[in-house]
Amino acid sequence: MMSAEGILFLITLILYFAVTVLYFLYVAIKKPLLSKLAIRAHIAALLVHTAAIVLRGALMARLPMSNQYEFSTAFAWALALVGLIFILKFRFPVLGAFSAPVTLLLTLYAGLQKLNELKTIAAYEAIGVNGVDRIRNLMPALRSSWLGIHVSTVIIAYGAFGVSFVLSIIFLLRDRMKENGFWDSHIPKKEKLDVISYRCVSLGIMFLTATIMIGGIWAENAWGNYWTWDPKETWALITWLIYLVYLHLRIRRGWNGRTAAIFGVVGFICVLFTYIGVNTLLPGLHSYK
Amino acid sequence: MKFAIILLVVVAIVCVIGSLVPQGEQFEAYRDSYSERAAAFILAFRLDDVFHSWWFITLVSLLCLSLLFCNLSRVRALIRQTKDAARPERAVSDTPAVSADGVSDPEAVMKRLRFRNPVRTTVDGADVLFAYRNRFGFWGAWICHVGIILIVLGYALGQMTLFSASVYGTPGQTKPVEGTPYEVTVDDFRTVRNDAGFIEQYVSELTVRSTKDGTAQSGTASVNHPAVLHGMKYYQTASGYAARVSIAENGVPFESADLCVGEELTISFLPGFSLYLDGFEEDHNGVPAYHVLFFYQGQHVDTGRNYFAPGSGIDLGGYTITFSDPLEYTLLRVKKDSFSWLVLTGSILTTLGLFFALYVVPETVWAVRREDGTWTVNGKSKKLAPLFKEQFDRAVTGRKGKEEAQ
Ligand code: HEM
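As you go down the protein sequences, you meet chains S and L in turn. No gaps in the numbering here: position 170 of the first sequence is 170 in the working numbering, and each next residue is one more. For the working numbering, count along the second sequence from 1 and bump the result up by 289.
No lab work stands behind these hints, which were simulated from the structure alone. Computed from a predicted model, the values in this text were never measured in an experiment. Virtual Cβ for every residue (Gly too), placed ideally from N, Cα, C. Watch out, some of these pointers could steer you wrong.
Lysine to aspartate or glutamate pairs mimicking EDC-like chemistry, simulated, CA-CA at most 20 Å apart [claimed, not checked]:
#1 S/K190 - L/D338
#2 L/K625 - L/D373
#3 L/K464 - L/E553
#4 S/K189 - L/D614
#5 L/K671 - L/D476
#6 L/K671 - S/E125
#7 S/K232 - L/D338
Listing some non-contacts, in silico: residues in chain S with all C-beta distances to chain L over 10 Å [unchecked claim]:
#8 L81
#9 L118
#10 V195
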């Protein structure tokens with residue numbers, strides 16, 4: 001049986017699919033009405049998603065960002081939010097056609113995590129154990145308000161990096177767009193795209209820095225080490241370094257935005273690796289996340 | 290700058306290597322997962338312990354040195370920039386990034402750009418209206434770089450002078466903190482559970498006494514809340530089961546001790562003989578039991594029995610050794626890092642510096658009156674030029690509304 005939270009999550013997933021289709025239709029048919037519709041649907045999806053997350057928090061009686069499913073759905077939420085803010089702030093609905101599919105993919109990934117969780121709960125119920133209780137109750141080390149701040153800051157960082165990834169891709173594709181066509185008039189010039197992406201990376205790196213620092217404070221309180229070169233930490237550092245290179249590249253005299261855009265793409269690949277790859281791809285390495 | 294970028298990329302690559310090659314393994318392990326030559330290569334270049342290798346330390350030192358020299362060489366320029374930012378005569382001789390002629394009300398333009406209280410002055414006989422903001426944003430990168438230097442310095446000094454030890458204990462036990470003149474008494478240890486039976490917290494009540502002068506301090510250590518006693522931090526890291534080991538001769542008890550899992554007990558009346566409590570787990574029949582290993586002069590000896598349900602025991606040379614009363618013990622980590630405050634200060638400066646560098650953007654606007662009575666309004670922004678230009682153009686035309694894609 002599906003909980004109310006599960007149903008809301010499913011509706012969110014369907015809505016993100018609709019949002020993606022609408023943005024695609026907008027760039028295909030090029031009718032302004034479609035962009036308005038897509039943005040409305042985007043807002044609606046985000047609201048339902050927010051409700052799903054709030055309900056999850058109520059159900060778990062804690063901040064709903066403490067396991068794989070909760071974190072992945074929050075990541076998708078942050079990407080949808082930062083995407084929407086940038087679409088509205090820069091009147092740039094074409095951005096939606098690139099960011100919505102990434103949001104949809106992340107939400108699908110969250111859906112897979114949700115299925116795993118439902119299986120785990122069912123397995124517990126089969127042996128007469130309350131499975132939801134198992135998921136609700138965290139081990140003592142995770143019962144810390146530092147954890148709450150740590151994951152809240154990281155999802156904002158990841159959301160911002162997701163949008164900067166999309167902007168970097170648009171930047172790299174910009175040269176191929178015909179002058180005076182739809183794309184040319186609906187996508188900012190490269191110079192401006194670069195600055196918008198820079199705003200996005202700035203937001204991300206601020207929050208990633210805060211995340212790493214707060215993680216250190218928490219680890220120091222819980223385990224007595226603020227840094228242990230655990231793979232998760234190492235990869236967070238790699239991601240951070242890549243975005244620092246991005247920042248420094250932009251200051252260089254005579255730099256070209258292309259190199260920075262490439263780092264914007266590589267940075268997000270690092271984000272995904274830190275987030276998913278470290279847990280699944282690095283063989284035999286133990287990670288506490 | 291090129292050097293900085295190269296260094297940052299190299300450090301990132303080294304981190305990738307350090308995360309892909311399992312750290313801290315022996316030659317055989319690398320040989321089995323890769324090849325003989327690869328294993329030799331890994332050990333020769335310390336790829337088995339990248340983050341503590343001499344060359345990684347050299348690399349990070351180089352990064353810090355370059356940060357230091359970059360910062361030192363920029364101080365004077367930054368002071369000048371900061372001062373100049375407040376000087377209308379400097380602005381007037383500057384090349385503007387944006388400019389508009391024939392403006393009748395420059396004050397309104399500045400107001401629309403949210404520059405408050407522009408100053409009126411004259412430069413070279415011309416009327417000038419001048420405003421600036423966020424000039425301390427010039428220092429953001431500088432502060433950020435100082436923060437990084439402090440973090441690396443604090444981490445390095447901390448690691449060099451780190452004191453770290455572990456102490457086990459059941460309630461009532463007093464144990465020495467190895468390598469210090471202190472001993473710690475576990476006054477109490479409890480596991481706090483919630484209504485559903487899940488463990489919420491492990492709590493140790495501790496008293497730490499100096500063996501030199503007898504002064505004592507008491508405190509509570511729980512997960513996420515270490516106790517600070519006599520300047521050292523006590524972390525609640527784990528817990529487990531301990532056994533009460535009682536020894537009797539011909540049925541008459543004469544000695545007993547609490548032994549934690551992972552501890553060894555030497556038996557005074559059987560010289561050279563010791564027992565090691567390996568765990569409290571289920572035996573072959575699924576019954577919870579102590580797993581005990583026996584040693585004679587460091588060699589494992591087979592006594593024919595290793596599992597002991599609580600209350601049971603073994604006869605050895607006329608003595609009966611009984612294992613009873615499963616007790617929960619606490620495992621504490623004791624640590625003293627005298628430089629963590631430096632790392633914390635560095636972290637705060639780095640984050641603050643980043644905020645200043647990225648969000649506090651120095652901007653200047655100045656207007657010069659022409660002979661025909663109209664003004665030329667100019668502007669300059671340290672970064673975000675295209676966005677600043679848009680805002681500026683809108684402010685000049687007085688057009689309201691949001692930004693557009695172009
Ligand atoms: C080899 C090491 C490094 C060197 C030589 C270096 C050098 C520089 C220089 C010359 C600038 C330009 C300053 C300005 O425009 O005001 C700069 C900017 C900056 N640096 Fe570094 N840097 C290094 C490493 C780092 C690291 C590790 C950080 C970590 C946080 C960092 C953070 C920044 C920031 C935030 C900016 C401003 C970026 C912006 O305005 O967009 N730098 N760096």
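Against the structure, the hints come out as follows:
no.: 1; hint: S/K190 - L/D338; result: violated (44 Å)
no.: 2; hint: L/K625 - L/D373; result: violated (47 Å)
no.: 3; hint: L/K464 - L/E553; result: holds (14 Å)
no.: 4; hint: S/K189 - L/D614; result: violated (76 Å)
no.: 5; hint: L/K671 - L/D476; result: violated (61 Å)
no.: 6; hint: L/K671 - S/E125; result: violated (61 Å)
no.: 7; hint: S/K232 - L/D338; result: holds (17 Å)
no.: 8; hint: L81; result: holds (19 Å)
no.: 9; hint: L118; result: holds (20 Å)
no.: 10; hint: V195; result: violated (5 Å)
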